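Colleague: Mapping of the sequence shown onto the UniProt record's numbering: position 223 corresponds to residue 223, and the numbering continues sequentially without gaps.
The list that follows gives simulated cross-link-like pairs (lysine-lysine, DSSO-like), each with its CA atoms no further than 30 Å apart:
1) 258 <-> 350
2) 318 <-> 234
3) 234 <-> 383
4) 400 <-> 383
5) 221 <-> 350
Keep in mind that the hints were calculated from the coordinates and are not lab data. Since this is a predicted model, take the numbers as computed values, not measurements.
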Amino acid sequence: MILFRKFRVLILMVFLIACSMHIMIDLLPKLERRSSSACSCSHTPSEDPQNWAKHRAKPGSESGWPNKHTLRILQDFSNEPNSNLSSHSLEKITVGERSEALKRFEQLTGDEKRHTALDSALKNAAVKGSRLSALFEHPLYTRPLPPLIDEDTLFNVNTDIRFDPKAAENPEWNGEGKDGDYAPTGEMSSDSYPNWLRFHIGINRYELYSRHNPVIDAMLKDLVSQRITSVAMKSGGTQLKLIMTFQNYGQALFKPMKQTREQETPPDFFYFSDFERHNAEIAAYHLDRILDFRRVPPVTGRLVNMTKEIRDVTRDKKLWRTFFISPANNICFYGECSYYCSTEHALCGKPDQIEGSLAAFLPDLALAKRRTWRNPWRRSYHKRKKAEWEVDPDYCEEVKQTPLYDSGTRLLDIMDMTIFDFLMGNMDRHHYETFEKFGNETFIIHLDNGRGFGKHSHDELSILVPLSQCCRVKRSTHLRLQLLAKEEFRLSALMEESLQTDTLSPILIRPHLEAMDRRLRLVLQK
Numbered sequence: 001m002i003l004f005r006k007f008r009v010l011i012l013m014v015f016l017i018a019c020s021m022h023i024m025i026d027l028l029p030k031l032e033r034r035s036s037s038a039c040s041c042s043h044t045p046s047e048d049p050q051n052w053a054k055h056r057a058k059p060g061s062e063s064g065w066p067n068k069h070t071l072r073i074l075q076d077f078s079n080e081p082n083s084n085l086s087s088h089s090l091e092k093i094t095v096g097e098r099s100e101a102l103k104r105f106e107q108l109t110g111d112e113k114r115h116t117a118l119d120s121a122l123k124n125a126a127v128k129g130s131r132l133s134a135l136f137e138h139p140l141y142t143r144p145l146p147p148l149i150d151e152d153t154l155f156n157v158n159t160d161i162r163f164d165p166k167a168a169e170n171p172e173w174n175g176e177g178k179d180g181d182y183a184p185t186g187e188m189s190s191d192s193y194p195n196w197l198r199f200h201i202g203i204n205r206y207e208l209y210s211r212h213n214p215v216i217d218a219m220l221k222d223l224v225s226q227r228i229t230s231v232a233m234k235s236g237g238t239q240l241k242l243i244m245t246f247q248n249y250g251q252a253l254f255k256p257m258k259q260t261r262e263q264e265t266p267p268d269f270f271y272f273s274d275f276e277r278h279n280a281e282i283a284a285y286h287l288d289r290i291l292d293f294r295r296v297p298p299v300t301g302r303l304v305n306m307t308k309e310i311r312d313v314t315r316d317k318k319l320w321r322t323f324f325i326s327p328a329n330n331i332c333f334y335g336e337c338s339y340y341c342s343t344e345h346a347l348c349g350k351p352d353q354i355e356g357s358l359a360a361f362l363p364d365l366a367l368a369k370r371r372t373w374r375n376p377w378r379r380s381y382h383k384r385k386k387a388e389w390e391v392d393p394d395y396c397e398e399v400k401q402t403p404l405y406d407s408g409t410r411l412l413d414i415m416d417m418t419i420f421d422f423l424m425g426n427m428d429r430h431h432y433e434t435f436e437k438f439g440n441e442t443f444i445i446h447l448d449n450g451r452g453f454g455k456h457s458h459d460e461l462s463i464l465v466p467l468s469q470c471c472r473v474k475r476s477t478h479l480r481l482q483l484l485a486k487e488e489f490r491l492s493a494l495m496e497e498s499l500q501t502d503t504l505s506p507i508l509i510r511p512h513l514e515a516m517d518r519r520l521r522l523v524l525q526k
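Let's have the full structure, built from the sequences with the hints guiding it.
Modeller: Now the structure itself:
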């Protein structure tokens, strides 16, 4: 019996020693980082998207690999078990060649003297005429993309896209071409496709649309003028959104007006219960374009007749049943959703006219699959709990060692998204998406921006935590931000000019425009 007790004590001591060693192994790398790596953002912006990963140890060295805790974080970054793996079956070029192409894409081109002279000319043009036109003629906005190959385009027009309106047997289809525009094979030529389809065909590895693509403006005009043929509620999400289909078979996501331009988010509202604003979606598209990201699907405003263009064309009985006439004789409806879908939060017209945003649909998932990734700096979406990045100042060090963020431009793209959100005041960025075909070497799609532009009187500095923790930003992004801080290319003036083209103008009131200038200065101080 005594031997048995001694044996149990021995087993317990071995177990305690093993636990202590595991704890020390987990804590040691973090303690070393805190003592040896004080982050400073005083260095110049990154020219090489992989330069911050060069300090990693060689294979076989423990400090160069993610620890167990980092790997657990990695498992939560995506909604798919294998989302962090590249799609090698669709890649014909090596990862090194792709990274090199992205590196060249981030470098400036041209002679410095020629740029100086051109800057002076553009400055004069901006003062005399359109600031926006002068901005888009600046060298920072005219750099070409790397040469595109088949794997760099989302669709191959000859094989992937076959669109014949005759096959639909719909005499009301209003195409852009006539019978003579059809190719000898019976298919339409790509120039005769409806604008929404031409937009889809133009998507590539580096951008949703090119800088001066006339198809985008034409598609936005279609969204405003095309007849709405059907309406249905979008499933998922916390607030009411409608899927609208048009006579040319294009589709868009409609977010109705919930707040006036002058209203701010109530101070007692949590970010996850804030209203989704239609004008924020419109303004986000214009801001994304001015920043030269081109990662937000095109959005425009439209005044919709709730009776003729929603109630009378919908086949969604759940939506139809929520229509009623208010005591003020206005047409109202509220639909079904998690938040604000009740009689008390009904959407009412004047008397039956309501404005909203229309965001062009991306290609159907059956044709172009997308991956949804968890934002590493996602908030807790809880009234009391905090996310790990809010309590760990070295959180970015773990992200940098994580596959997907330890090479390529993904982490720098996260910094772009951070700046974009801060300028809008958008705290609701829990996930982001990419096109599966392009693997991990592609841009981030900036979707769902309706919770931006809620408070012009407050700058939410916590949105900038990824930037302050990682101390990294693309050189091209930094140079464009510096340009937008100059008087001749002032961001608020450019946004005001750009937003004037929307049918619902004015989109933002003056305090929101001035807030963007103020926030831009804060970003440049980081």
